[in-house]
Amino acid sequence: MEQTPDTFSALFAAYSVIWVLITLYVYSLGRRLSRLENKTDSHSEN
Amino acid sequence: MDLLFRRLFIPLLVVSFALIGYANYLVFLVVPNERVMGAVQRIFYFHVGSAIACYCSVALVLLGSIGYLATRDSRADAVARAAAEVGFLFCTITLVSGMIWGHSAWNTWFRWEPRLVTFLLLWFLLLAMNLLRVFGDPERTAMHSAVLGILGALNVPLIVFSIDFLPQAHQLHPKVVGTRGLKDPSYYRALAVSVFALAVFQFLLVSLRTRIEVLLRRKIVNPEER
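Keeping their order, the protein sequence lines are chains A and B.
The first sequence begins at 1 in the numbering used here and counts up by one.
The second sequence begins at 1 in the numbering used here and counts up by one.
Just chain A, same shape as in the assembly (with noise of 0.2 angstroms):
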């Protein structure tokens, strides 16, 4: 199959794809773990 710029974007679309996703879901777990642990810290100083 020939080499042509259609080929290198599509192997960049897919791996951004792949780890925009990721990303976005591990900034979710974090913000939302974040969010717990001070709430429970928060009720512990109380």
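Simulated from the structure, these hints should not be mistaken for lab results.
Quick caveat: nothing in here was measured; it's all calculated off a predicted structure.
A portion of the hints provided could be inaccurate.
If the Cβ cut is set under 10 angstroms, some of the chain B residues that face chain A in the computed set are [said to hold, decoys possible]: (1) Glu-85; (2) Val-96; (3) Ser-97; (4) Gly-98; (5) Ile-100; (6) His-103; (7) Ala-105; (8) Phe-201; (9) Arg-218.
Facing chain A, from chain B, some residues (calculated, C-beta under 8 angstroms) [to be verified]: (10) Thr-92; (11) Ile-93; (12) Ser-104.
Heads up, the beta-carbon is just placed ideally off N, CA and C, and yes, glycines get one too.
Knowing the structure of chain A, use the given hints to seat chain B on it.
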């Protein structure tokens, strides 16, 4: 349990990222271009890795679902919920990366053939499980999700063996690993590392999401708890 999670999380995170980094190195700098498809074939490694990670998540959904139905233990339900979310993520990645690869290599986004249809069915089942958790009756959600989870898990052998339902010539999805499959040893190494890296990463995400779920339920049951 909290202490165990805190002690294991960082080492698992480091191992996970090291493996993913090594997998990326192999995929982009070591394996040669595939003879027919060229560079776009490199999507294959994380496409298959994501599919395997999805199956691992579904296995955890199955264990959690059966555990919950047998014992009514909310921790089993927490694992099932966490694994369903992570499984949906990797299922989506597999579908989208596969569609991009299919369009680039064979000029087809999707075809109604056994493997693709059964995998799309799994995606809908996982979507249903996650939507049920968000919009369903909290009293019954756990049991309904457990039943859906078992159905989703029964779909996985169908996906794996569906490639044999039709002759290869009639299918878009290739039967890659086999007697006529990957020839260069570096392909196998990149595939093995990618699959293992994403499986470990999937396990890490499920652990983290389970912890969030357990903390959330603890807070709901005992809002004044430290």
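Cross-check of the supplied hints:
1. Glu-85: holds, 8 angstroms
2. Val-96: holds, 5 angstroms
3. Ser-97: holds, 5 angstroms
4. Gly-98: holds, 9 angstroms
5. Ile-100: holds, 4 angstroms
6. His-103: B/His-103 check passes; min Cβ-Cβ to chain A is 7 angstroms, inside 10 angstroms.
7. Ala-105: holds, 7 angstroms
8. Phe-201: Holds, about 8 angstroms.
9. Arg-218: holds, 8 angstroms
10. Thr-92: Hint holds; B/Thr-92 Cβ to chain A Cβ min 7 angstroms, cut 8 angstroms.
11. Ile-93: Where the cut-off is 8 angstroms and the nearest Cβ of chain A is about 5 angstroms from B/Ile-93, the hint holds.
12. Ser-104: holds, 4 angstroms
The structure agrees with every numbered hint stated previously.
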